[in-house]
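Q: Residue strings, one per chain:
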Amino acid sequence: MNWLSQTIAVTGVTLRSLGQRLGSATVAVIGIAGVVIVFTAVLSIAEGFRAAMVGAGDPHRVMILRAGSDTEMTSGLSGDDANLIRDAPGIERSADGPNASPELFVIVGHPLKRTGTDANVPLRGLTAAAIRVRPEVRIVEGRMLAFGTNEIVVGRAASRQYTGLDVGSSVRWGEGEWSVVGIFEAGGSVAESEIWSDARVLQPAYRRGNSYQSVLVRLASPDSFQTLKDALTADQRLNVTPMREQEYYAQQSQVLQSIIRTIGFGIAGLMGLGAIFGAVNTMYSAVASRTREIATLRALGFGRSPVVISVMIEAVVLSLIGGVIGGGLAWLVFDGYQTATMNWQSFSQVAFAFAVTPSLLARGLFYAVIMGMLGGLLPALRAARLPIVTALRQL
Amino acid sequence: MKFLPLVFRNLTRRKVRTFLTIASIFMAFVLFGVLMALRAAFTLGVEVAGADRLMMIHKVSLIQLLPKSYMERVRSMEGVTDVSHANWFGAYYQDPSNFIANMAVDPASWLRMYPEFVLPEDHKKAWIANRTGAIVGISTANKFGWKVGDRVPLISPIYRKPDGSPWEFTIDGIYDSPIKGTDKTQFFFHWDYINETFRNSPVSDQVGWYVMRVADPAASDRLAKSLDALFANSPAETKTATEKAFVSNFANQIGDIGSIMMAITAVVLSFILFVAGNSMAQSIRERTNELAVLKTLGFSERLILSLVLVESLTIAVIGGGLGLAVASVLIAQGDPTNGMLPAFYFPVRDLIIGMALVVALGLGTGLLPALQARRLKIVTALRKA
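First to last, the sequence lines map onto chains G and E. With the numbering used here applied, the first sequence covers 6 to 400. With the numbering used here applied, the second sequence covers -19 to 365.
Source of the hints: derived by calculation from the structure; they are not laboratory data. Remember, it's a predicted structure, so these values are computed and weren't measured experimentally. Yeah, the Cβ is synthetic: ideal placement off N, Cα and C, and Gly gets one too. Keep in mind that a hint or two might mislead.
To be verified - Here chain E is said to cover these stretches of chain G; the calculated rule only asks that three of the stretch's residues, wherever they fall, bring their Cβ under 8 Å from a Cβ of chain E:
#, segment
1, 42 to 56
2, 103 to 113
3, 207 to 216
Construct the complete structure from the given sequences, taking the supplied hints into account.
A: Listed below in structure tokens is the structure:
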């Protein structure tokens, strides 16, 4: 009998005997499933957050901030700066002028529906060019705000997270009264967590004079980034950093992602160790309960390695079952779960949905298999080393 | 006492299983500790927030500033015993990824306001006297290797020096705190130093928030209302609440992601414990006939019960005790997220809960099979072999 058919035969016997060891096998499967659930669910938070942030990036768009600022929140550009930037080369132009939108980005305290307590809601002051720069924005309810008035439009996610932001209602922030005239969508991106108003109306409310925080521009083509960058850098009157929008938002999501990843990997790592102990236990008892069977096979002329491999395969099969159950449960329960959190870089709220992505599921399975292999290794070696004669004598 | 060798033999008869059981209990309790520390961290230290402190921010949002002139009006309010102020400075050290919580404060009143920041009296004096001085929490000082006397350049994207150079500070003191959960990462310096640079600009004589001590914490809510009424209809209206309310409000903004992470882990954790407990109980159930033999030999029921309990308690205490100890050591290394969750600590209350869990696990897993065995008649039990 050749090695391969030996291996297949022994593995077949092993797997068919699984039913008799259902109790301990279940324990191992559940242990591994638990780890995969924690791993997948926790990292799906990071994935979802990243998706919302990076989804906001369009290769045609460039965010221009004051040099040295890493968020819009801490940036500042004078009205003159904004005008100089608008006239820079590389920016797409339309009949109404350059597609460049100087914007204000502030926060306003407004209560969350979930807790009733105030959250830092991002409030963006726009100019008319903002819509030309963001063609993906659609008003899904009501209408766009009229510039020069105290009207606001609210992102779809923001209208879900905060109280009293339905079309037709009005809100009071400090001395100012604002009326909600529309709800907008922006492809599920972070912009939907924001509230938009006219920058000119917002400037005095936040005592910003004629200043802005960022200029968002649309490039004539994705390749004209360098042209724009060179022109802005060369201009002695300006001290600004242009960044591709995708890059900007990827960087904005870094802190929260690293917090979640640290926690996710840390907890899943600790639990993984626990699950490996469980798997080792299961496989040891599997080997122990089949001592005579294995010894008989060896007496019949089966080699050591098919026995080792059969035990390892059983461990891997159990861990795969655990991985599939864990990943599946995490996907069922958490994929698409809507929530909001604070973006640690600007202290403002970002709404997003948990995303259990295929790559996350694959990583969970991979992790499960590693745990199974580590758990199966020692018991498999013991099975191979069983002294045949003594083992046959065992009851 | 003379029966201890018997217990020991029982524990070592299947060494691998005993070891693995202890190991999984160990892991479960390490996780328990980490979980509790995370819970404390996600509430941002609300449990150590001062009960007798109120905070006042701009009504519209915390990024708007309040006039410095409010200070005296707040101080003269009846029921307010002390007042201080701070500005979020948002500066970083060398690279934007080196996040430090740094604030421009009024040193003398700030130190009075936060007695939990402990540093030598002469360091306090030195700091108050030195306009460009700063004090820093011990965690941050250790992270960057800063010592008293060091010059530290910080760059703030919010408050830029007119010539674009970094702000230079001298470390005059390093504070620690005897209270667990106190934020030991912060960096404080003179508001005057910043304010002088911005004379006659829109940000001059403006502060980020006021913090005040109240004579009677029970009257906090009423006092907060009267303070807000004091500044109503002014260009900078205020919102005042207890420090606890502010901290828990901030924690709320992190949203349910913290609680979700912890809920999943807690469910899985209790499952691990259940499985480990089950295998401990199983190892005793397997030996029902041996217990019957002991009974036949004349061991009293009480003695048998205590033997079993000592055995299961031993496993639980070794595994759980080591787990809690290792968790404490791990947690003492500090916040794993590099300064984002400074209130990462193992609350004493949770440590006690953990110990109680260990004992409950040991008693529970021994008691059930032992009681089952007791109900059995010797003859039936012996036949079960």
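Q: Compare the structure with each hint and give your call.
A: Against the structure, the hints come out as follows:
1. Proximity of the segment 42 to 56 of chain G to chain E, defined as three or more residues with a beta carbon under 8 Å from a beta carbon of that chain, is established by the 5 residues found.
2. Residues of the segment 103 to 113 of chain G with a Cβ under 8 Å from some Cβ of chain E number 3, which satisfies the need for three, so the listed coverage holds.
3. Counting residues of the segment 207 to 216 of chain G whose C-beta sits closer than 8 Å to any C-beta of chain E gives 4, which meets the bar of three, so the coverage hint holds.
Hint compliance for this structure: no hint is broken.
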